[in-house]
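Protein chains in written order, with the working numbering: chain Z, 1 to 311; chain V, 312 to 566.
Because the hints were derived from the structure by calculation, they are not lab data.
Since the model is a prediction, treat every value here as computed from it, not as a measurement.
Treat each hint with caution, since some may be false.
[Stated by the list, open to error] Which residues of chain Z face chain V? A partial, calculated answer using Cβ under 10 Å:
id, residue
1, 12
2, 52
3, 80
4, 87
5, 108
6, 110
7, 125
8, 128
9, 147
[To be verified] Pairs of lysine to aspartate or glutamate residues, derived as EDC-like cross-links and limited to a Cα-Cα distance of at most 16 Å, are as follows:
id, chain 1, residue 1, chain 2, residue 2
10, V, 531, V, 502
11, V, 324, Z, 267
12, Z, 228, Z, 267
13, V, 397, Z, 86
14, Z, 228, Z, 264
15, Z, 129, Z, 90
16, V, 397, Z, 90
Glycine included, each C-beta is placed from N, C-alpha and C at the ideal position.
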Amino acid sequence: MQPIISISDLTKTYKSGHQALKRVDLEIRKGEIFALLGPNGAGKTTLISIICGIVRPSSGMVTADGHDIVRDYRAARTKIGLVPQELHTDAFETVLATVSFSRGLFGKAPNPAYIEKILRDLSLWDKRKSKIMELSGGMKRRVMIAKALSHEPEILFLDEPTAGVDVELRRDMWGLVHELRQSGVTIILTTHYIEEAEEMADRVGVISKGELILVEEKTALMKKLGKKTLTLNLSEQMTALPEGLADWTLELKDDGHELEYVFDTHDERTGIPSLLRRMSDLGIGFKDLNTRQSSLEEIFVSLVHDGAGSK
Amino acid sequence: MAFNLHSVWAIYKFEVARFGRTVLTSLITPVITTSLYFIVFGSAIGSRMTEIGGIPYGAFIVPGLMMLTMFTESIFNASFGIYMPKWSGTIYELLSAPVSAFETVVAYVGAAATKSIVIASIIFATAHLFVDVQVAHPLAMMAFMLLMAVTFCLFGFILGIWAQSFEQLQVVPMLVVMPMTFLGGAFYSIDMLPAAWRTVTLFNPVVYLISGFRWTFFGKGDVAIEISLAAVFAFLLICLAVVGWMFRTGYRLKN
Ligand SMILES: Nc1ncnc2c1ncn2[C@@H]1O[C@H](COP(=O)(O)OP(=O)(O)O)[C@@H](O)[C@H]1O
Ligand SMILES: [Mg+2]
């Protein structure tokens with residue numbers, strides 16, 4: 001199937017000389033939820049801004065639904081909705097006016113029933129006659145989402161959608177994202193919260209310092225990098241790791257009451273049986289033990305570290 | 312080439328609604344200012360000046376007054392219209408919309424020009440309360456007004472894209488536009504100046520605009536109407552070229 005967004009060899013160097021994107025290649029599949037994951041300053045906003053037409057690419061090519069975003073910008077942009085990272089709203093307009101304006105701006109004929117539906121979905125209908133400046137920050141963000149959806153986009157960009165957002169809006173937003181996906185909308189979100197990518201996305205792209213380090217199915221990524229952590233609750237406090245355990249990379253936690261061992265589930269030999277045998281030989285007892293899956297956060301940290309370390 | 316009417320209409324309506332929020336002040340202000348001008352210039356000074364080139368002084372200043380106001384209003388409204396979204400960040404939406412540069416300019420400049428023409432018309436009507444003004448070439452006068460409103464608004468639009476602070480936004484109208492208009496013969500005929508000064512004045516483009524506009528009222532101006540028209544069109548073309556260049560390069564709009 002043809003990708004809904006195709007990015008090839010995209011670079012961006014700002015006037016300051018800063019290279020924000022380095023030869024990025026990426027294909028987004030129609031109907032998926034794609035999370036672009038990376039720390040602050042990685043180039044996520046730059047990438048989105050280029051696709052949406054706000055920033056000019058230095059080189060490379062992007063198509064949206066087959067339309068070149070520069071040469072055929074009209075057709076490309078008509079398909080795209082954007083909720084930017086920063087809260088930018090008019091002050092004196094009413095909610096209804098500003099959302100209707102957005103629909104018109106994107107070249108669509110008025111459709112009051114559709115606008116009403118969006119406003120209701122976002123719990124904004126009661127506020128439709130309020131001036132935007134009278135709304136809370138959370139409500140303003142809802143307005144920005146409504147504006148982005150006003151022209152029925154097929155591709156929706158959410159730039160750091162939950163940064164500084166309250167629990168209720170977060171929940172509503174995820175509900176909406178799922179509903180949009182059901183109706184066939186492709187969603188690309190950026191985040192530096194791992195849980196967000198983990199919770200929402202079908203695929204995850206990891207970006208760091210302007211480079212797309214990897215793109216994976218989320219589940220495959222989790223499995224591939226499926227590190228687990230074994231925690232042993234020691235019977236007696238330990239002040240230092242004994243010589244006899246030097247073969248394993250262990251860490252003392254909780255003031256010496258816990259021993260942690262990170263292992264890879266895909267390894268032939270995890271080293272756990274031998275570790276436990278050695279501990280019993282040394283007379284180190286434990287009251288309890290548990291293992292847990294590493295979060296994407298830990299995976300990400302190790303990825304970025306490995307990436308940096310290999311240079 | 313396709314023309315995106317919905318988009319242009321959306322921007323135009325948005326801008327006109329923005330003016331609408333201050334409709335009372337924007338409409339009353341010109342009435343009051345015009346009245347003041349007539350009281351000060353028309354009655355106090357005009358009573359001593361009586362006539363310029365056979366035209367009663369009160370009537371003589373009407374075109375200049377209309378132009379002065381159109382100039383300042385156009386620059387103010389058009390520059391603000393594009394500067395505000397740049398300043399507040401809402402410009403992201405315009406930049407990401409399927410709107411061409413041409414459509415953007417038509418919408419913003421069209422809205423600002425509409426307001427300028429409305430205000431100029433109010434001044435024209437107010438003037439009638441004080442003096443008897445006959446318009447020799449009504450169609451030419453309306454066309455000239457439209458042409459100037461569009462040109463001035465284009466100039467304002469350029470200023471709004473160029474400006475990076477509110478100070479810059481205000482400094483151009485204050486330091487450049489006001490003096491140019493005042494020295495452009497809005498309230499006198501340049502024939503009344505000493506010969507040396509008259510030559511200097513001829514380098515002021517506003518002279519040609521005011522003179523041309525005055526021609527549509529009284530059938531004569533300081534310079535020939537053809538020269539005035541050429542000046543307006545030259546000004547218009549320069550503004551169009553600059554706007555075109557700004558959009559092509561993304562000047563101060565896109566990184
Ligand atoms: N207008 C700009 N001029 C110069 N540098 C910029 C500009 N915008 C962003 N940058 C730089 O580009 C890098 C990527 O920024 P950004 O895309 O906003 O990252 P992210 O969204 O991942 O946090 C950062 O180092 C940032 O400082
Ligand atoms: Mg960002």
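Tested hints:
1. 12: 9 Å, holds
2. 52: Holds, because the Cβ-Cβ distance from residue 52 of chain Z to chain V comes to roughly 4 Å (cut-off 10 Å).
3. 80: 7 Å, holds
4. 87: With a minimum Cβ separation of about 8 Å from chain V (threshold 10 Å), the hint on residue 87 of chain Z holds.
5. 108: 6 Å, holds
6. 110: 8 Å, holds
7. 125: 21 Å, violated
8. 128: 16 Å, violated
9. 147: 7 Å, holds
10. V:531 x V:502: Given that 16 Å is the threshold and the Cα spacing comes to 13 Å, the pair holds.
11. V:324 x Z:267: 65 Å, violated
12. Z:228 x Z:267: 11 Å, holds
13. V:397 x Z:86: Answer holds: residue 397 of chain V to residue 86 of chain Z is near 14 Å, not above 16 Å.
14. Z:228 x Z:264: 6 Å, holds
15. Z:129 x Z:90: 14 Å, holds
16. V:397 x Z:90: Given that 16 Å is the threshold and the Cα spacing comes to 11 Å, the pair holds.
Violated hints, listed in ascending order, are 7, 8 and 11; each of the other numbered hints is respected by the structure.
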